[in-house]
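According to the numbering used here, the stretch in the sequence shown is residues 583 to 742, in order.
None of these hints come from the bench; they were simulated from the model. Misleading hints may appear alongside valid ones.
[Said to hold, decoys possible] Cross-link-like lysine-lysine pairs, in silico, DSSO-like; alpha carbons within 30 Å at most:
1. Lys-638 - Lys-664
2. Lys-592 - Lys-638
3. Lys-730 - Lys-664
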Amino acid sequence: MMFTRSNLEKTGFTGWLPFAAIRTSGCPTTGGVYVVTYNAEGPVAFSERSCGGWFKGKDPTVALDALTANWVDGAEVVYIGKADQLRRRLTQYADFGAGKPVGHWGGRLIWQLPFPDQLIVGWKETPGCVPVEVEAELIASFRHVHGKPPFANDPHRLGA
C-alpha cells in the first residue's frame, strides 16, 4: 500500500478534515483507524515548542534532534492511530493540539510541525476488526515502504 491520500481513499479512508473541523464533522462514533497527513515541501523546520497541552504537568515538547530523527522524507502520512470511538479520540487529539491538558501523548510530535492547521485527518471504520490490529498492520506496511514508522509513531526514539 502506498500511503497517499488517493490510495488511502481507495482502501476506504474518508473524512479528510483539518483538526479544527472534527468537532462539527460527521466523524463516526464507531471504532476504527485514522491517519494524519501533512504536505511538507522541502526540509521541515520544526517549532521549538509544542502547541500541545501539558498533560499531568508534563511538557509535550520534543527535542529538535528527535523530531529530525523521526521525520520521514516524502511521506504524506505523519501519524497512524486507532480508536474504539473515532469521534471521541479525534476530538481529544484536536483538543490536545489546541493546548488543552488531554492525554493524547503518543502522537504529540505532530504539534511541532510548522503549520499545524495544515494537518488533515482521514479515518476508516473497522467493523468486525479490532482497531489496534488494523493499526499495527498499517504501521507495519508503512515501515515496509519507508523503512521506519510514520513520524509521530516512534516514541522509543524520544528516549521515552
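* To do: Hint by hint, work out which the structure violates, then give me just those numbers in ascending order.
  => 2
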